[in-house]
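> What follows is each chain in one-letter form.
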Amino acid sequence: MGTTLLGLIKQIRFPVFAVIMCLLFSQQSFAQEDIKITGSVTTAGQYAEPLPYITIIVKGTTRGTTTDFDGNFEITAPSNAILAFSYVGFKTKEVAVDGQSEINVQLEEDIAGLDEVVVTGYSTQDKKSITGAISTVSAEDLEKVHGGSTVSSGLAGKIPGVSFRMNDGRPGASASIQIRNMGTPLYVIDGIQQDEGQFNNISPNDIASISVLKDASAAIYGVRAANGVVVVTTKRGKRGTRNAVNVNAYVGWQNWSRFPETVNDSYEWMRGKAEAEINQFGSTAITQEELEKYRVGEEPGYQSFNWKDFIIQKNAPLSNINISASGGSENINYYLSATQLKQESVLGDEFTFERSNIQSNVDADITDRLKVGVQINGRIETRKNPGIPGADDYWLPRFAILRNRPFERPYANDNPEYLNDIGHNETNWALHNFEIGGYAEDIWRVLQTNFSGEYELPFIEGLKVKGMYSYYIADRVLNGHEYTYDAYTYHPEDDSYEATGGSSNPWRERRTRKVLRNIYQGQMQYKRKFGDHSLEALFMIERQEARFQEQWVHAVPKTNTLPLIYFSDTDAYDDLDDEEARIGYIGRISYNYRDKYYIEASARRDASWKFTPQKRVGYFPSISAGWRITEEPFIKDLLGDDSVLDNFKIRGSYGVLGDDDIGIGAFDYLTGYNYNQGVAILDGNAVIASRDKGQPITNISWFKSKITDIGADFYMFNSKLSGSVDYFYRKRTGLRGRKYDILIPNELGYGLPDENVNSDAQYGIEGALSYSGEIGEVSFSVSGNASLSRSKFLESYKPRFDNSYQRYRASGEDRYNTIFWGYTATGQFQSQEEIDNYPVDIDGRGNSTLLPGDIIYKDVNGDKRIDGYDETPIGYNNYNPLVNFGLSLYVAYKGIDFTADFSGASGYSWNQNWEQRWAYQNDGALNKIFLDRWHHADPLDPTSEWIPGKYPALRYNDGGHSNYNKNSTFWLHNVTYLRARTLEIGYSLPQNILDKIKIQKARVYVNGYNLFSLDNLKDFGVDPEISDDNGLQYPQNKFINVGVNLSI
Amino acid sequence: MKKYIYFLLIPMLIGSCTSDSEFLDREPTNILTQEQAFGSPDIVLSILADLYNRYYDFGTVESWPSLADFNVSFWSEAGQYGHFQDGGWGYGAWGTWDYGYIREMNLFLERLEASTSIDEVDKTRFLAEGRFLRASYYFTLVKRMGGVPLILESETYDFSGDATYLQHPRETEAAIYDFVISEADAIIADLPADTNIKSRATKGAVLAMKARAALYAGSIAKYGATTPQVSLSGGEIGIPAGRANEYYTTALNAAQAIINGDAGSYSLYNKKPDLSDNFASVFYDKSNNPEAIFVEDYKLQSGKVHGFTISNQPRYGAEEEEGGRINPSLNLVQSFETLEGEYKPLPVEDNAGNPIYYNDPKELFAGRDARLEGTVIVPGSNFKGREVDIWAGVQLADGTVVSGDARGQQKELPGATGQVQVVGFDGPIDGLEFTAQTGFYIRKYQDPKAGSGQRGTQSDVWFIRYRYAEVLLNAAEAAFELGQPEMAAGYLNEVRSRAGITTTLTAADVTFDKIVHERFVELAFEGLHFFDLKRWRLAHVVLDGTPIDEQNITTNIGSATKRITQPLGVWPYKYYNPGDANDGSYFYKIVKPNRVTGSDRFQLGNYYSEIGQDILNNNPLIVKNPNQ
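Sequence order for the protein chains is Z and D. No gaps in the numbering here: position 244 of the first sequence is 252 in the numbering used here, and each next residue is one more. No gaps in the numbering here: position 222 of the second sequence is 239 in the numbering used here, and each next residue is one more.
If you are wondering where the hints come from, they were derived from the structure by calculation, not from laboratory data. Possibly wrong hints are sitting among the right ones.
In silico lysine to any residue, SDA-like type, Cα no more than 25 angstroms apart, as pairs [said to hold, decoys possible]:
| no. | chain 1 | residue 1 | chain 2 | residue 2 |
| --- | --- | --- | --- | --- |
| 1 | Z | K1009 | Z | E116 |
| 2 | D | K466 | Z | A580 |
| 3 | Z | K701 | D | K140 |
| 4 | D | K316 | Z | W560 |
| 5 | Z | K701 | D | Q53 |
| 6 | D | K466 | Z | S576 |
| 7 | Z | K872 | D | T614 |
| 8 | D | K428 | Z | S312 |
| 9 | D | K316 | Z | D691 |
| 10 | D | K641 | Z | F809 |
| 11 | D | K606 | Z | T295 |
| 12 | Z | K301 | D | V418 |
| 13 | D | K428 | Z | T295 |
| 14 | Z | K301 | D | G425 |
| 15 | Z | K747 | D | D179 |
| 16 | D | K466 | Z | D691 |
| 17 | D | K428 | Z | F313 |
| 18 | Z | K623 | D | D175 |
Full structure from sequences and hints, please.
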């Protein structure tokens, strides 16, 4: 554990202990006239095994205990009491005491978990009673994912309708998660709305479950829930269990999944350049003798150097250790956990991410009716790496691989004392280290505390009031310093080194940010069963406020050595202080009859500070219903007693959700002047400029998302097979747009303000299927899911088009979004003769720049020339896939378990561009893909015969050529992939050994993540989860991990 | 037990102790109300500062390519090569229609007029400054678009569903020029005659604007007759020839008012003995510079700095991995006369066609108009204390050239052992961006201060919008057009003698070509060349789309109609022939950079920029510009 974490614990120790102590001392015991009951709990079936840690509760009280190692228990209870035996993964069983002093119970495994508790909007529900589209991921699933440092990586392929896209794999990076491709979802952690960063950086070990609310069931979260909600619940101790200490630790090694390859051979590079120059200009200054020297590669300047091997280190380590303690007595339960993670980059051990997390969840009953809880979550995130020019310090090292040419070398005369002046020194990797380049350190310190209380009112049964106060503080400090440095040229004649380049520009910056957030929640809950009728009601008030303060200062220090920033060196200072505030009133009522018919209605009234006071409030109702038709007597009769269909539920939901993130600023409804709109130098003084805000936006309010979902869940063969299907349709109305039917002259000087006028839709289907079973001693489960989600623009307000072509090209009306427009490549010219006789002007220069191998484009409109009018839809312009799917397999035999998870996607395009499209971009390295190209048999003889290849004949850095300046089917690739996520094999020590070493559980495992992918982008050396056209993004890593789970 | 309930209620109480609307009302941290804004002169100045910042320049130090178009330079940045491979410009190029800016200036004038919190002295000056900026933008509009709707009051749409009352037709081109001139007359009394004020409107700035505007109007009236196609029947484009003299007279009078000291004592900058350094200093010496009249100013460590030096300083020895973008063309370089006032090509070869060898690469440029080296960094000259290293390769006795692909590359030469440098650290390497691909870099606006090439520091060299030398040239042109060549010769000689030219012009020497030439070399890279080509209707002549070769570039120097459709260069080579008398000397070759494959054609439709379809759609009274 890092000293910083200890420091943090010291800081918060006192108040936490104060609270805990206070709670402990308030415990009371209730001695009544009871009988003592003993017994044992075992598994059901032929080979009954004792079950330890089974929770036993005296129904209607808070009293309880757990079984010991051998499954035995002892409890005192009234003689007429009912005991409830429960444990995750087993069906809860209730047994009446009836005066017995010994009770032996067998628990059945609950394979499909109909009674599994699912966390939904501000509450929990049995799975069978859910009427919305809600899917969950369990802690067990998450714990098997060791594919990076953040929580998001655990969601790949797990949930139907959740798309996962990780287009950056650097230490500490997160994937982007979308629900049904609806946009960034809302994250709710333990009932509190949080941002994506907070979600990603809680310790995965501390998560008990993740629920994803995909439809109107999210409406209860109101504002900002229109893109769905990810609900995270952290672990809690169980009442009446013995204290358990768990240790989960692993260490792993990472390598890049893929990255573009360049030619690391000076001869190939130079030969290509000679070809390119002859192709372009008819001649080249590169002679056969020169080429020969490169081929031999011995003279200085003619050698080859492999920059990729120089930059990329293999097997970068990643380690994580989590220690947690949990348990509970009759009146208090606790979960305490600390996690330390460290991830290095393949760029070396100076590029790191470290995170320390603590989680402390304590719940206590002060009286029978009054419960309180405290949750504390804290973390320190540190990202550290050498200071490198540019906004993204990880960019230049990657760019260097594509930029640096093979005859360039990092050190002058290969002497590591002298950085070589390669003319573009910023991509000289030899400087990208703490010693020469400088440093950048970005630290976030976050503390989140929730205090909650719950009181059961004495006069109405089933009525509770609850209150929660949440305080969040995040503190960021970023310090960066890019040093000045010299780069040298070696003079062999006198064995001297001359400083001929480098940087005399130091860059020193500091950014500090503070986020303070208060959330207040007050609730009343009513829950009661009247015979066959169950009723639940909730009323709630929620206020949220946040404040963001940020300062950024930039300086040009005179020295590389001292870390402090002085006033006279500074030249920029930015200051920011923003607030936001939202209020929600929430009501919900749900009813079910005999667990057969379910209906739930909720409504939310939200107000956001962002809109003008007259337009602040929005109302967001939703309704959902479910019908378990297998509970109907006539269906039961129809199916008969031997029915394989155990449970079938039809459900539907409709809701209106709101969003205040409509693209306007917080005070756009005000008139006046914006201060600090740049600086003018007047009479030698810097004068801060102000600008008229323009027309106030007073007629904009919430846009509304109307989500419809129809689905069904089923369980068959004693719940061994289960599945669900959903159809959904989200229509958004009131999107920001403009009314164009009144033409306002531009000379007015302002346009009409935007209004809530446009609409769009997102719709699709999804389904999941899983089967679990046993063959002999082998137990296994297989599951899969798939989803399709597309978006369509519906309509704008009376759209106007100049002509029918413009309508075809520019209209979005009732048309799919994500259309990629481009040219259709019909082939490649096979000979100069074919070019000379070709009737269509392809390059706009009468085909004078074309050579055999060049791309032929389809002349769609038949005007004998290729221009913008020949573009048609050729693919998708989105990186978020329209189709997502996942597959999981789990097999266990005795102590050995094996897990294999796969995820995949389709329905998106990659546009091969820049370094991947034309050779020698930026005068840089030659991409290996261009080795397969049209070329002359003799590179220096333009009259020699053409030899065909895949890519057109080379040109030197000529992106303007018709081959390269058009997006076409030649360069656009529609991608489908299936990649292995987790592959894990584990071994648990058998009970007899555990007993000897006094350990409850011990398991070791070997785990691989992202080990391979099947897709159509392999040839380009790019990861299928690509977003950069040139493939330059930091790719995902492949991981090999070994780890251990211990319970003591 | 009830006491616990109170604990429970505490957080709810905290949350509800304010009303909902109080909770939702948050104060902005950077917005001033209109009353606050016009309640203090400091904030009025702050609003004015924004209006100054939005002043439209054709070229500016903040956008390096804009200063160096029309083949006076090659742009040594791979992403810009396309400009030298296409055939010219689209009709929409250089268009502007920023009525949002006009509206804000109108609002500024109206709100300031109505304010009772600003004293009259301040108010008068602020109002005059606002009107100066508004007139300046109408001048920009008329230069680029022709006549435009003249909106002098802020208007508001009433949401009645009928916006026809907001439709205004284009004024004539002459009417807009007349407006600029009349505004100048109206405000001049309200502005200070203080030559130390450079960044705000002064009497000098107003007069300089008036002189330039009247001169442009006069020349459009006169030379527009040569291109009758470039006009509209309603006068939105084109000025009647009969008004030429009136405008020229206005121009001459306004220029003479400055020359006579009516606006304070402006003069040519003459502080340094080295005339090239002296000329370069005009653009960066900000202390007591008598020549600058109106500038856009910058200041280090203020947030307002620019990266012109970063983008353009010689790449070798630059503070960063940057520089070298503007490469002035041979076409411009050889336009500079000899000190004797003669047009001569650069002495690259002798009469027999053999190369002339030089010990110092700079010798080729010796004896030229001092403005050459004040404007252009030539091979062998110094910048920031370091000699630029421009040479293209080593030529062996048999004519073979050994060169490299990387700046300052080393190779072995035949018959020698060990490697030697075979190309300059500044290139030129054909096609390699940021090297001097024409053989030259730009010097004008380069900031000689250490650190000016650092991204973290940048430069505070100002951008001069009006300067005294232009006023002299404006006066000379107006006088010439009014048939007073003697007066014109006097003004021209002032400018030329500052450049070190030893022969003086007589009345007989002053021709239209001479006027054109003098402006070309004096005002190169100042954003004025383009409007000169347009108002003389020369643009379609000198940019006629015909490529130029190495032969015809050296002839016809000094002619107003000399073709300049492509930028050419001249490269020094080192001669390698041990034992030969010329071994180690430099000689030059005229080249066309191989990235230059297109040649520019300025179409008649380019004279006035296209008015966008949306503008035409929104106001049916707007007529299109001709030839598009």
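> Would you list, in rising numerical order, the hints stated earlier that this structure does not obey?
No hint contradicted; all consistent.
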